[in-house]
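Heads up: the sequence shown runs through residues 1 to 996, numbered per the numbering used here.
Don't take every hint at face value.
The list that follows gives simulated cross-link-like pairs (lysine-lysine, DSSO-like), each with its CA atoms no further than 30 Å apart [claimed, not checked]:
1. K975 to K786
2. K786 to K657
3. K786 to K813
4. K760 to K963
5. K392 to K478
6. K657 to K645
7. K876 to K963
8. K478 to K275
9. K407 to K478
10. K760 to K717
11. K851 to K863
12. K258 to K407
13. K876 to K813
14. K717 to K117
15. K851 to K657
16. K275 to K474
17. K863 to K760
18. K275 to K479
19. K275 to K477
20. K863 to K813
21. K407 to K392
22. K813 to K717
23. K963 to K975
24. K645 to K813
25. K112 to K258
26. K645 to K114
Computed spacing ranges between beta-carbons, pair by pair [stated by the list, open to error]:
27. S565 to F686: 16 to 24 Å
28. P246 to P904: 51 to 59 Å
29. V11 to Y132: 56 to 64 Å
30. P904 to M723: 48 to 56 Å
31. S135 to P893: 25 to 33 Å
32. S135 to N317: 36 to 44 Å
33. G885 to S122: 48 to 56 Å
Hints were generated in silico from the structure; no laboratory data involved. Because the structure is a prediction, the values reported are computed rather than measured. Using N, Cα and C, we set each Cβ at its ideal position, and we do this for glycine too.
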Amino acid sequence: MATIALTPGRVPPHDLDAEMSVLGSILLDPLSIAKVLQFLHPEDFYRENNGQIYRAALDLFAAGEPIDNVTLASQLQGMGLLERVGGRAQLASMQGSVPTAANIEYYGRIVKEKAYKRRLISAGGNIAGFGYDDSVEAEEAINQAQSLVFGVADDRDQRELAKLYDLLGPAMERISLQMESGQGVIGVPSGFHDLDRMTGGFKDSDLIIVAGRPAMGKCLKYDSLVINIATGERLTIQDAVERQLPRIHGFSWDGRIKPNEIGAWVDSGVKPCFKVTTRTGRSVEVTGHHPFLTVTGWQPLHDIVIGDRIAVPRAVNCFGTDGSMDFGQVRLLAYFIAEGSLTAATPGFTNSDPVLVGDFMDQISRHFPTLHVRRHRITYYSAGPRTGGRLKNPLALWLREFGLMGKLSDAKRFPECAWRWDRSRLAEFIKTLMSCDGTVYSLRGYPRIEFAVASQGLAEDLHHALVRFGIVAKLWKKKDRCWRVEITEPASVERYQREIGWIGEKANRFKSFTEPRPSNIGQVPPQIWEDIRASAHARGLTVTQLSVLAGERGAGLRGFNPHRSRGITQGRLANYADVLRDRRLSQLASDQIYWDEVVSIIPTGEHQVYDLAVPETGNFVAQDILVHNTSLALNIGLHAALETKKSIAIFSLEMSKEQLTERLLTEQAQIDAQRLHRGLLTESEFDRVSNALGPLGEAAIYIDDTPVMDELTLQLKARQAKMRHGIDMILVDYLQLMHGRSRGDDNRVQEVSSISRALKGLARELRIPVIAISQLSRAPEQRPDKRPILSDLRESGCLAGDTLIYLPDSRTKIPIRDLVGRRGFRALAQNEQLSRLEPTTVSNAFSTGVKPVFSLITGRGRKIRATANHMFLTAKGWRRLDEMGAHDQIARPDGWDLVQRVEPDGIDEVFDLTVPKLHNFVANDLVVHNSIEQDSDLVMFLYRPEYYKADERPGIAEVIVAKHRNGPTGMIELKFRRDHTRFYNLETRRPEPGTE
């Protein structure tokens with residue numbers, strides 16, 4: 001481990017002659033101070049006395065007084081420092097030490113350079129201290145260290161209270177520059193004339209929030225099934241939302257189907273849905289905008305047609321851990337589900353295979369010894385002794401526990417416990433089920449497996465269960481009350497035989513069969529060849545040369561045919577990806593996905609829909625299909641980079657670098673993105689793409705596509721980008737996909753609040769605008785007017801107007817409705833770090849509209865009315881009102897109270913406060929959370945009327961400026977081209993003269 005050795009007697013870097021020359025130059029020519037005052041500060045002088053003399057000279061210059069030996073001595077005398085700095089003789093000596101003041105800037109730069117090095121030494125010592133301090137986490141130490149180093153280069157550690165005079169000069173420079181340009185835009189222009197008139201551009205140190213509903217409708221129907229990774233059980237997405245399921249399977253960038261953390265659940269209201277069905281019988285109901293994975297990337301449903309292939313998981317390797325049930329009981333359940341008579345008082349089992357019948361009778365005898373098996377032809381009834389109806393059949397009681405008794409054959413399904421079983425028990429269950437109702441036979445010398453039942457639900461359950469074992473099967477309806485599950489893919493047949501198998505006579509069929517033959521189903525679609533060719537061309541290779549490097553048989557020989565008009569096996573594509581080092585091709589070549597053909601897309605009406613954000617992968621598995629979870633901000637960034645030559649950093653947590661690059665390319669070329677993805681560009685469109693490469697290649701746009709990022713990581717990366725590339729603006733896509741540093745805290749409101757504060761701090765530190773894309777709550781969907789309002793951005797809920805707020809300065813309680821419009825007053829708030837209540841300033845009090853409210857009543861008689869999502873401080877941390885129940889402990893100013901009940905209490909106008917420092921306040925003698933939008937300087941909402949009504953102002957988008965800290969609010973209109981994913985100035989809104 002490296003150690004820091006300090007050489008005894010080593011003096012910090014300095015140059016006293018340069019310091020004397022600066023001061024002497026000022027005495028020779030007082031106006032020369034203007035050449036150094038912008039970068040040289042009193043703290044930059046090594047000798048403190050020299051720094052004090054320079055400070056006195058700055059004060060005289062600021063006051064408009066002359067600077068000479070007499071006035072400077074008088075100023076120092078007034079400061080009580082004249083004798084300390086050496087008196088009038090020292091000033092005279094300084095003046096005589098310099099022949100001319102012409103070189104003052106050169107002398108000043110020397111002094112500044114030495115000051116930088118001293119600060120670097122100081123920072124190094126502090127950084128070494130961080131390394132030895134075990135009380136500081138490593139990542140936090142890195143953040144502090146980088147901040148210190150950044151401060152050395154940027155004078156951050158010198159920032160103190162600034163005198164107004166020091167700020168007037170830079171302000172006049174900005175005003176003069178703006179007068180010269182005549183644009184009325186002080187900051188980075190957006191490229192949209194009306195928006196720039198309203199905002200004056202995006203200014204340094206500003207945090208700008210651009211918010212809208214999630215992709216205007218990327219959602220799944222409420223009853224779509226997902227897997228609870230912790231237990232293996234299947235539950236609807238609605239249940240998953242209510243439980244706040246923490247993890248879900250998704251498709252990773254390295255081509256794996258694996259568990260991932262869920263960032264946020266989104267209740268998206270009621271929307272029109274479509275049922276998408278694939279060739280293998282998988283189906284899912286989604287909104288028209290919901291994307292599916294294709295070889296050209298994630299494509300929304302409205303751009304997918306019948307015949308397209310989408311990626312579905314070949315295997316979702318997820319099983320429960322329940323091993324409590326005996327294997328014999330597992331088989332008994334399967335016997336009765338497959339071929340059981342369950343509508344009479346005595347359960348029966350029908351089968352003619354002696355092995356199956358023998359095992360059935362053994363298990364009845366073992367687990368239900370009071371019963372005897374009575375045979376009628378090939379049906380076996382398990383009956384007990386005659387008791388005149390006094391005693392129930394124990395087997396019937398047992399089957400009733402699993403919801404099986406009384407079920408007809410077309411109503412049977414897997415028992416719920418089956419999904420919680422471990423792998424071996426689920427395999428045993430499937431093996432028994434298939435041995436009864438399934439078959440395996442030869443088709444042209446190869447085995448083929450089929451399962452036929454009357455129950456659609458049972459067939460669907462088996463279809464899904466096979467996916468857990470990595471077996472691709474086809475589900476289809478032959479006729480009424482006849483559903484089939486077929487396994488025909490050779491690799492899947494072989495996997496079934498090896499991992500599940502059979503009982504009885506069917507176990508003897510095809511014990512040894514030929515090696516699995518290559519399959520031409522489920523391959524990567526032929527459109528992938530365009531990507532292969534492009535990737536090879538980028539590396540200077542032809543497809544034939546690529547085939548040679550990939551080791552393909554016959555490659556390079558005359559007559560070799562790569563069959564580029566056909567699909568390609570995943571193994572072959574994987575070889576190409578390895579040679580090309582192409583991450584995207586490698587992902588699409590994954591053996592964990594199957595390329596399934598879309599066979600039908602049917603509208604199913606309006607339904608409740610949900611979506612979720614998965615930060616690491618951006619997608620998840622629902623109904624055994626992969627589904628996916630920004631355009632104005634990108635338009636702004638593109639304009640800033642191309643038209644005003646600004647350097648832009650884009651932190652994309654949702655899209656990969658490749659996807660974002662294609663998005664920017666289609667926006668710049670102004671072509672249909674789907675035509676580009678499908679390779680259907682006309683010659684003129686292709687020329688436009690080619691012409692777009694030049695400007696984009698020269699643009700200073702830097703992209704980071706790290707999918708999981710907290711505010712600390714973003715700060716580190718942003719500082720590096722600022723130092724290396726001189727970044728002028730940052731885009732973050734999007735806020736809800738970021739994580740706070742306190743991952744153990746289950747309070748998402750606190751987490752998002754912390755992130756927004758960090759982004760605002762970053763904007764101020766780097767002195768550049770930061771644009772963060774955010775998602776709205778579903779509140780707009782519940783109003784007749786769907787236009788977003790400021791309260792839709794908040795995640796903290798609201799309080800009824802009669803809620804009393806304690807004001808410590810006046811020792812009074814005021815209804816929150818009476819505080820609307822007031823700013824700067826103080827409320828009582830909980831300092832969670834110090835565990836005490838203290839007065840804190842409220843920056844805003846406002847109404848958030850009329851909403852449903854609930855009453856929370858405590859054991860000590862306290863009552864508060866709030867929206868369901870309002871947060872309260874409890875013994876378990878911050879909790880939403882609708883997550884609290886009887887006997888939960890809730891914080892009050894003088895201790896704890898118990899929740900007695902929570903009940904609906906009508907609809908009322910509701911309000912909230914913004915408390916910038918502590919983010920909570922005392923209301924009705926309870927500690928509640930505040931709003932989280934307080935950090936932003938500018939909040940803009942996107943609204944497209946045609947999304948809600950197709951014939952209402954098509955192609956028009958509204959940008960609603962709901963908050964503007966330094967200017968007006970209002971609404972402007974833009975033209976939106978969905979095929980270009982781009983916004984345009986309206987033709988009728990031409991810029992005023994001199995504004996272009």
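Tested hints:
1. With a C-alpha separation of about 19 Å, the suggested pair K975 and K786 falls inside the 30 Å cut-off, and the hint holds.
2. Taking the CA atoms of K786 and K657, the gap is near 33 Å; set against the 30 Å cutoff, the hint is violated.
3. Our distance criterion of 30 Å between C-alpha atoms is broken by K786 and K813, whose separation comes to about 35 Å.
4. Proposed proximity of K760 and K963 is supported: the alpha carbons are some 15 Å apart, at most 30 Å.
5. Between the alpha carbons of K392 and K478 the distance comes to roughly 39 Å, so the proposed pair goes past 30 Å and is violated.
6. For the hint linking K657 to K645, the alpha-carbon distance of about 21 Å falls within 30 Å, and the restraint holds.
7. Among the hinted pairs, K876 with K963 is inconsistent with the structure: their alpha-carbon atoms are about 34 Å apart, more than 30 Å.
8. At most 30 Å may separate the alpha-carbon atoms for a hinted pair to count; K478 and K275 meet this at roughly 20 Å.
9. Restraint check for K407 and K478: satisfied, since their Cα atoms lie roughly 22 Å apart, inside the 30 Å limit.
10. A distance of roughly 15 Å separates the Cα atoms of K760 and K717; the hinted pair therefore holds under the 30 Å criterion.
11. For the suggested pair K851 and K863, the alpha carbons sit about 18 Å apart, so the restraint of at most 30 Å is met.
12. Between K258 and K407, the direct Cα distance comes to roughly 36 Å. Violation of the 30 Å bound is thereby established for this hinted pair.
13. Straight-line distance between C-alpha atoms of K876 and K813 comes to about 28 Å, which keeps the hinted pair within the 30 Å bound.
14. This hinted pair checks out: K717 and K117 have alpha carbons roughly 24 Å apart, not beyond 30 Å.
15. With a CA separation close to 41 Å, the supplied pair K851 and K657 exceeds the 30 Å bound.
16. For the hint pairing K275 with K474, the CA-to-CA distance comes to about 17 Å; that is within 30 Å, so the pair holds.
17. For the hint linking K863 to K760, the alpha-carbon distance of about 36 Å lies beyond 30 Å, and the restraint is violated.
18. This hinted pair checks out: K275 and K479 have alpha carbons roughly 20 Å apart, not beyond 30 Å.
19. Pair hint K275 plus K477 holds up; C-alpha atoms about 16 Å apart against a cutoff of 30 Å.
20. With a CA separation close to 15 Å, the supplied pair K863 and K813 stays within the 30 Å bound.
21. Under the criterion of a C-alpha separation no larger than 30 Å, the hint pairing K407 with K392 is consistent with the structure, at around 18 Å.
22. Distance hint between K813 and K717 is unfulfilled; the C-alpha atoms sit about 46 Å from each other, more than 30 Å.
23. For a cut-off of 30 Å, the pair hint linking K963 to K975 stands: about 22 Å separates their Cα positions.
24. Note on K645 and K813: the hinted pairing is violated, with a Cα-Cα distance of about 54 Å set against a maximum of 30 Å.
25. For a cut-off of 30 Å, the pair hint linking K112 to K258 is broken: about 54 Å separates their Cα positions.
26. Proposed proximity of K645 and K114 is contradicted: the alpha carbons are some 34 Å apart, above 30 Å.
27. For S565 and F686, the Cβ-Cβ distance of about 21 Å falls inside the hinted range of 16 to 24 Å, so the restraint holds.
28. Distance hint check: the CB atoms of P246 and P904 are about 28 Å apart, inconsistent with the given range 51 to 59 Å.
29. Evaluation of the 56 to 64 Å hint for V11 and Y132 yields a failure: the beta carbon distance comes to about 25 Å.
30. Distance hint check for P904 and M723: the Cβ-Cβ separation is about 55 Å, which falls inside the suggested range of 48 to 56 Å.
31. Remark: the range hint 25 to 33 Å for S135 to P893 is upheld by a beta-carbon distance near 31 Å.
32. For the pair S135 and N317, the beta carbons lie near 41 Å from each other, so the given range of 36 to 44 Å is met.
33. At roughly 54 Å, the beta carbons of G885 and S122 sit within the given window of 48 to 56 Å.
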